[in-house]
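Going down the list, the protein sequences come from chains A and B.
All residue numbers for the first sequence refer to our numbering, where the first residue is 2 and numbers rise by one.
All residue numbers for the second sequence refer to our numbering, where the first residue is 61 and numbers rise by one.
Hints are computed from structural coordinates only; laboratory data are not their basis.
Because the structure is a prediction, the values reported are computed rather than measured.
All residues carry an ideal CB built from backbone N, CA and C; glycine is no exception.
One thing to keep in mind: the hints can contain errors.
Below are the SDA-like pairs computed for lysine to any residue, each with C-alpha atoms no more than 20 Å apart in a straight line [to be verified]:
(1) A:K50 / B:N131
(2) A:K50 / B:L156
(3) A:K50 / B:F120
(4) A:K50 / B:L155
(5) A:K50 / B:T162
(6) A:K50 / B:H89
(7) A:K50 / B:F105
Going by beta-carbon spacing under 7 Å, a handful of chain A positions derived as facing chain B [unchecked claim]:
(8) Q43
(9) L45
(10) A88
(11) F91
(12) K102
(13) F105
(14) T107
To list a few chain A residues with every Cβ distance to chain B over 10 Å, as calculated [to be verified]:
(15) E17
(16) A18
(17) V20
(18) R23
(19) T56
(20) L57
(21) E59
(22) N62
(23) K70
(24) S74
(25) H76
(26) R78
(27) S81
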Amino acid sequence: AQSVTQLDSQVPVFEEAPVELRCNYSSSVSVYLFWYVQYPNQGLQLLLKYLSGSTLVESINGFEAEFNKSQTSFHLRKPSVHISDTAEYFCAVSGGGATNKLIFGTGTLLAVQP
Amino acid sequence: DAGVTQSPTHLIKTRGQQVTLRCSPKSGHDTVSWYQQALGQGPQFIFQYYEEEERQRGNFPDRFSGHQFPNYSSELNVNALLLGDSALYLCASSLLRGSGYTFGSGTRLTVV
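Generate the whole structure from the sequences, applying the supplied hints.
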């Protein structure tokens, strides 16, 4: 069975500081990995995904995540956060192909303070 | 190009009632999945529909049922509502053999 662990329920950080949101997964098969962002009272928006190839993936708004197979991790990082990055971030895993349901972590609230 | 559309956006039901939520997938997508997101939690997979049939199901009771229509749109039905069914219900569409999921904005269900 697959599972996702996001150890930090909330990460407070000052504006323009770097941030890392941690995600560890468990799976016995090859996986696809995702980060989704959820703003208050909205649905989920895909931030970035790892399917195969380069282990470092980037989003258009400055976030990046690195797939580490040996540590079964997919941590999300941003070198300098903005107030507008305040949101709930969810890490998710999928087996891909015909078993492509998403398994989500419990989420991390990124709270950016001025 | 419209994304995933869900209706209604909010609704309030009384315990014991039945509810139907609706989802129109993104153009070109053939698979619809439903998720339940309780307050402060991550989304939980309910079930997935492809070719009008339920392909996968999460750990939800039979009170939760669904349907997919020939135009790929989908409905989620919940019978005998419980207070614990209060949640944000998210619809996600994708291609069966694909890896991309597009989520709707969700339906906020409150059971009183």
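So, going through the hints one by one against the coordinates:
1. A:K50 / B:N131: violated, 28 Å
2. A:K50 / B:L156: Judged against 20 Å, a Cα distance of about 17 Å means the pair holds.
3. A:K50 / B:F120: violated, 27 Å
4. A:K50 / B:L155: holds, 16 Å
5. A:K50 / B:T162: Judged against 20 Å, a Cα distance of about 13 Å means the pair holds.
6. A:K50 / B:H89: Holds - the C-alpha atoms of H89 (chain B) and K50 (chain A) are around 19 Å apart, at most 20 Å.
7. A:K50 / B:F105: holds, 19 Å
8. Q43: holds, 6 Å
9. L45: Given a least distance of 4 Å, the restraint on L45 (chain A) holds.
10. A88: violated, 14 Å
11. F91: holds, 5 Å
12. K102: Since the shortest Cβ distance to chain B is 5 Å, the answer is holds.
13. F105: holds, 4 Å
14. T107: This hint holds: T107 (chain A) lies near chain B, its Cβ roughly 5 Å from the closest one there, short of 7 Å.
15. E17: Fine: 28 Å to the nearest Cβ keeps E17 (chain A) off the interface.
16. A18: holds, 25 Å
17. V20: The claim holds: V20 (chain A) sits with its nearest Cβ about 19 Å from chain B, beyond 10 Å.
18. R23: holds, 15 Å
19. T56: holds, 16 Å
20. L57: holds, 18 Å
21. E59: With a cut-off of 10 Å, E59 (chain A) remains clear of chain B, as the shortest Cβ separation is near 17 Å.
22. N62: At about 18 Å from chain B, N62 (chain A) clears the 10 Å cut-off, so the statement holds.
23. K70: holds, 18 Å
24. S74: Its Cβ never comes within 10 Å of chain B, the nearest being 17 Å, so this holds.
25. H76: H76 (chain A) is indeed farther than 10 Å from all Cβ atoms of chain B, at 17 Å.
26. R78: holds, 20 Å
27. S81: holds, 27 Å
When each numbered hint is compared with the structure, violations occur for hints 1, 3, 10.
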